[in-house]
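Starting from the known structure of chain D, arrange chain R on it as the hints suggest.
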Amino acid sequence: MTDLIERHDIESSDDHGDHGVSHHDHHGPSGLLKWLTSTDHKVIGINYTVTSVLMLILGGALAEIIRAQLVSPTSTLVSFAQYNQLFTMHGSIMIYLFAGPFAFAGLANYMVPLQIGAPDMAFPRLNALSYWLYLGGTISMVLGFFATGGPAAFGWVGYAPLTSAVNAPGVGPDLWIGALMLTGFSAIFSGVNLVATIFYLRAPGMTLFRMPIFTWNMLVTGLLILLAFPVLTAALVMLYCDRHFGTHIFEVQGGGVPILWQHMFWFWGHPEVYILALPFFGMVSEVIPVFSKKPMFGYKGMVFATMTIAALSLGVWAHHMFTTGAVLLPFFSIMSLLIAVPTGIKIFNWIGTMWKGQVEYTSSMLFAIGFVITFLIGGITGIYLASPPLDFFTHDTYFVVAHFHSVVMALVIGAMAGIYFWGPKITGYKLHEGWGKAQFWFLFIGTQVFTFPGYWLGLKGMARRMAVYPNNPSWQTLNDWSTIGAIMIGISTLFFIINLLVSWRKPIPAGDNPWDANALEWFTTSPPPHHNFLSLPPVRSERPTWDYYHPEHPALGHGDHVSGHAEQKVSN
Amino acid sequence: MLKQESYILIAFGIFAGIIGAVYWFWGHEDSGGVMLVGAILLGLMPGLYYYYWYRRSGGQRPEDRPDATVADGAGTVDAFPSTSIWPFVLGSGCFFFVLALVFGIWLLVPGLSLVLAAFIGATAESRRGGSV
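Protein sequences, first through last, are from chains D and R. So for the first sequence, the working numbering puts the first residue at 1; every next one is plus one. So for the second sequence, the working numbering puts the first residue at 1; every next one is plus one.
So that you can see chain D by itself, here it is in the shape it has in the complex (with noise of 0.2 Å):
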């Protein structure tokens, strides 16, 4: 079945009478036939962004267990391999199957279309195969716990050579190499539909430097899949073949290079972290503005550091390699060193946003400045390990640990802030502001209850990856106090399944626009009808729907607003 889409304004629509119905009404199957066949990208971003949290869940409970482990030095909880299958899989899941999905294909893939006024993205199909890719991946990565020797066991980065047939033989590895691969055809088909929805289907007068930043932080997210995915995919490959055909690419007998996984690996890699991370820059930069009640501070600027990190992204791969004494330590550290720029500028920005604003403390708000300071606690750290000599000191410590786990829990807050803020256009309804703001302080205070000893551990020298370590009362201290972080953030996950449930109970209606926001996916309805717009305000800003309702702060033609920001001011 087909759809003929066509594009009425404001004036023209109501000329009709009938509010511009511009497409047929829609008749299709019901019940699962129609969650199986759908091709629209809201029902696809929905069943995205809900397999995704629940491998959140999953993820979280599996590192539940890792701190139930370390809560003693000598625990025997788990047995030594079952710990390495734990946070194998718990990096595994929450890397591949959690943030990477939840950023490019959950929330990106629903709102996308709706902030350049698109009626679906460019390619409706592939977009649902990406999700059927993903889900058979997310399937084949947990089949691994089922299976005979357990899930793999090598680390979520699986180093050569303990991927090899010998080191890691059994079923549960090779359905971890199935699973990426999956997941890594559906990043790609992702990104390519990213990028085209964003080139092809703007609405009219919706130019580049008009989009919203989450829509070109999507853009510029797109383009890095397309660039690192293929890395990966062909790595495992290799990966396969050498496991079950006999080649010996990453093998030294028979004259392979293993060092040669790390380098395509992280190839992909770091790509990667700006893959994960600058969909939820892009959320926040939605966010702030709004409930700070004015436009964002230094739009282009936003838009040139995004583009800048990810350039930046193309030459840092080897700083995750600075110990293997095989790569070039001056050009990595400068590379990785030169990202801080750019990403200072965002935090700049987000504060100069904020600053003189009517700054309105909503959940979704909090769950921002909690990502904003999460983030910048993670990537200063980030900074002290690209610089080498700092580097050969914490490497596979808890420094580390520490550092990656602060930039991705800030990605679980920025993850938060999106569902509370766009929740109520994918629903119709308010999550619970009460729920809202304990499920933040918790989330907030455990992650750096949690990451704290972390950083102090790695110093005195704690390796990671140890399911026991030695009985020094210190390092158990800061264990403890790690684990207690890490249950906080656990009471985090189920405040927020409270607030679900209560939300669902109990519906506040939220109306098509509750926050008084700027792009377009608030000028249509909550939930949007299929194909997401009636009609299509004039685009003059970057921000139309707030445009339309404040007609009193007329957008000049080139984007820029006619008063200060002091008199832009929300007046209901």
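Hints are computed from structural coordinates only; laboratory data are not their basis. Worth double-checking, as some hints may not be accurate.
Unchecked claim - Some chain R residues judged to face chain D by a derived CB distance under 10 Å, without partners named:
no. : residue
1   : T69
2   : A71
3   : F80
4   : F88
5   : A117
As the list claims (entries may be wrong) - Label pairs and their computed distance ranges (CB to CB):
no. : chain 1 : residue 1 : chain 2 : residue 2 : range
6   : R       : A11       : D       : S75       : 50 to 60 Å
7   : R       : R55       : D       : I445      : 31 to 41 Å
8   : R       : P110      : D       : A165      : 19 to 29 Å
9   : R       : L41       : D       : V341      : 19 to 29 Å
10  : R       : F25       : D       : L77       : 22 to 32 Å
11  : R       : S126      : D       : L32       : 17 to 27 Å
12  : R       : V22       : D       : G31       : 52 to 62 Å
13  : R       : P110      : D       : V359      : 50 to 60 Å
14  : D       : T247      : R       : K3        : 25 to 35 Å
15  : R       : F25       : D       : L32       : 27 to 37 Å
16  : R       : F119      : D       : F348      : 50 to 60 Å
17  : R       : F25       : D       : A165      : 33 to 43 Å
18  : D       : V78       : R       : W24       : 39 to 49 Å
19  : R       : P110      : D       : A234      : 25 to 35 Å
Every value quoted in this text rests on a predicted model; they were computed, and no experiment measured them. Ideal Cβ positions, reconstructed from N, Cα and C, are used throughout, including at glycine.
Frame of chain D; chain R shown alone:
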């Protein structure tokens, strides 16, 4: 059309070229050099393609003009599929394909059957439904 879009991609390719040149002449390391050549091509190939279309068509689309009204973009946007079972069938086929890599070659039978069915089904659907 697509002027700024092509510039972004070309700039990306040129930047990858600069990084690649520095890396190659400083480090003489093969794998990174090869992957950076891939990055250069990723920027330049689509970028130059878009630039070619920009030069050839010259005109601006409504979404490229800051003063475009919604009426300028009126008309048919495109034809979009509203529902299709074939992505699910193709996805299931790929899933069985991966299971075949893990558990045994016999799983290729359902895998390839589903993939073939999806190829035929999606093609037939496109013909029936017009330009999907």
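Taking the hints in turn, this is what the structure says about them:
1. T69: For T69(R), the interface hint holds, since the closest Cβ of chain D sits about 6 Å away, which is under 10 Å.
2. A71: With a closest approach of 6 Å, the A71(R) hint holds.
3. F80: OK, holds: F80(R) within 10 Å of chain D, min 5 Å.
4. F88: Holds - the Cβ of F88(R) comes within 10 Å of chain D, reaching about 5 Å at its closest.
5. A117: Check failed: Cβ of A117(R) comes no nearer than 14 Å to chain D, outside 10 Å.
6. A11(R) / S75(D): 50 to 60 Å: For S75(D) against A11(R), whose Cβ atoms are near 53 Å apart, the range 50 to 60 Å holds.
7. R55(R) / I445(D): 31 to 41 Å: Violated: the Cβ-Cβ distance is about 57 Å, outside 31 to 41 Å.
8. P110(R) / A165(D): 19 to 29 Å: holds, 26 Å
9. L41(R) / V341(D): 19 to 29 Å: This hint holds: roughly 27 Å between Cβ atoms.
10. F25(R) / L77(D): 22 to 32 Å: violated, 53 Å
11. S126(R) / L32(D): 17 to 27 Å: Distance hint for S126(R), L32(D) holds at roughly 24 Å.
12. V22(R) / G31(D): 52 to 62 Å: holds, 58 Å
13. P110(R) / V359(D): 50 to 60 Å: holds, 56 Å
14. T247(D) / K3(R): 25 to 35 Å: violated, 46 Å
15. F25(R) / L32(D): 27 to 37 Å: violated, 59 Å
16. F119(R) / F348(D): 50 to 60 Å: holds, 51 Å
17. F25(R) / A165(D): 33 to 43 Å: holds, 38 Å
18. V78(D) / W24(R): 39 to 49 Å: Holds: the Cβ-Cβ distance is about 46 Å, inside 39 to 49 Å.
19. P110(R) / A234(D): 25 to 35 Å: With Cβ atoms ~26 Å apart, the hint holds.
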